[in-house]
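Novice: Chain residues, written in single-letter form:
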Amino acid sequence: MTASTTALPLPAARFTDLLAAEWIKLRSLRSVHWALGAGALGIIAFNTNAARADYVNFPHYGRVVRTHFLSWALRDAFTQGAAMMLVLAASSIGAISIVGEYTTGLVRTTFAAVPDRRALMTAKVVVVAAVMTVYGAFTAGASFALTQAVLDGRGQGVSIGHPGALRVVVASALLAPVCALAGLGLGALIRHSATTTVFDVFVLLFLPTFVTDRYHWTACVRNALPFNAWYRLVDVEYGHQPFTLTPRYPTTVTGGWIVFGAWALAAAVVAVVAVDRRDV
Amino acid sequence: MPHDALPRDGGPVIEVDRLTKRYGGTTAVRQLSFTVRPGRVTGFLGPNGAGKTTTLRMLLGLVEPTSGAATVDGHTVRRYPRGLRHVGALLDAGDVHGGRTARAHLHALARSNRIPAHRVDEVLAEVGLAGAPAGRRVGGYSLGMKQRLGIATALLGDPPALLFDEPLNGLDPEGVLWVRGLFRRLAGEGRTVFVSSHLMSEMENTADELVVIGRGELIAAESLTEFAARGTRPTVTVRTPDAGTLAAALSAEGAAVAPYDGETLKVTGLSSDRIGEIAFEHGLLLRELATETASLEAAFMELTADSVEYLAGEPR
Ligand SMILES: Nc1ncnc2c1ncn2[C@@H]1O[C@H](COP(=O)(O)OP(=O)(O)OP(=O)(O)O)[C@@H](O)[C@H]1O
Ligand SMILES: [Mg+2]
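Chains Y and W, in that order, give the protein sequences.
First residue of the first sequence? That's 14 in the numbering used here, and the numbers climb one at a time after it.
First residue of the second sequence? That's 3 in the numbering used here, and the numbers climb one at a time after it.
Source of the hints: derived by calculation from the structure; they are not laboratory data.
The C-beta atom is built at its ideal place from N, Cα and C for all residues, glycine as well.
No incorrect hints appear here.
One side of the interface only, derived from the structure: several residues of chain Y facing chain W at Cβ under 7 Å:
#1 K38
#2 S44
#3 T117
#4 R121
#5 F124
#6 A125
#7 A126
#8 P128
Given these sequences and hints, build the entire structure.
Specialist: Right under this line is the structure:
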């Protein structure tokens, strides 16, 4: 770029400035603090309560359950209900980071200040992903520590070094940035708060349970959804557990990671490209 | 606060060249061309729906023109990776997030353009929002306060070119005076200042140059004095208890008669002498008969009469 008329050189455009600006924008909204704070409390409490229930009921469990209790312990570390809460919180934060700009009109001020919209959106993607990774790591880490501490009361807690334990924590932590980016991408496409929320819930929470795994193509759709990928990743005894059926179209751990990566990448690209040429 | 980055020969030229914007069937802006020069305040006038906001958005790179070009200093704004040091703008005072404080809003914008943080306090002080108001959330601001925040945003990058869309909306008389002084000062510093309004009276004491549009097309681009000289047909104000009869009589003589209120008529096309004679012939009592000198308002109304899109309260 040439700053032709101006006599003094203007400072070069730096990407880190955009990162800093997006970080200021995210942390200066009280609603974000509330959503994240309440979400984290809910998630951790939900998981801890599941562990507490197992702690209370443990003496009444049968011998088979007791010998296979590992999968229970790791399931309590991050329960399905907590994962749903995380999906909701993360996708909402991702969505409002862009939809909030459109619905308030702030987007015009933002784009006038930073006409390089792709750089701006890339910065938004990076900041949202980073913040939500930290958030996911915190909620998943705290949940793991607390639930296993509770189960230790029965001598059933596992350490993070236990095979599969780290995967449960990492997959649960990464569910947050993946869903936040999905919310951001959908938000950039849709640009209306209510519609974006409906779509987020539909794609991230409703479809994963609604789509059957009976046919090959529906199983493919099902397995390609982030929530189901998470479920596969945290199912440490997948295929070896005496209580559940092996699915007809099984998936792999690698497949789960790939689904996470593909959603994050695709959503990021959509967010960056979708806003570039549209009028605001 | 002289702009140390301003070139000696003043700010950049804003150039609009055969600019067209269509929204489906409606053409908001049609083949519009004009130039805005530095060192003076240029008013951008047109009735509601004339295409002022659309033009300003195209200038800022927010709306993509259907054809034609809008440039600041020879470049479309989209070519500048960061905008605030090139063009400052207040489009709509509501273009902020109500959940943030004014200070956080400006801080984020400053940071994105690598503008030092002390600039935030400077512009807040300049628009009269320093101190406690700057720490409050914008959602609780009055329209006038939001307008001031918008002006602070425009000034943040100390830019050589500034665009303002209806900046006087919601300001109290003191605020209006202040904004006029600010525009004068910015232009005096050699900057290019482009201010839109749909009210001629707002421009009368603000602008040196005018760009007048109607229905998306250029009507006039000239100095304020040249523009005022266009309003040649004087308007005569007549007050009579029998306005209906007089209106009919004057119309019969070929005058254009606009009822002003129950007793008052605004007449063009006839001299006050002739109107007095006609009233006398009809035995009508006149309570007032006055010729108004050609005003800017009249020139504006006359020129845009054909292009006004939304007429309200027109008697049928
Ligand atoms: N996004 C849009 N979609 C469809 N039509 C639009 C859009 N934006 C503007 N228009 C139309 O373009 C025309 C010009 O609108 P614009 O807002 O530019 O006028 P304006 O001169 O700013 O008017 P005002 O004085 O009321 O602010 C209007 O007829 C408007 O309805
Ligand atoms: Mg407008």
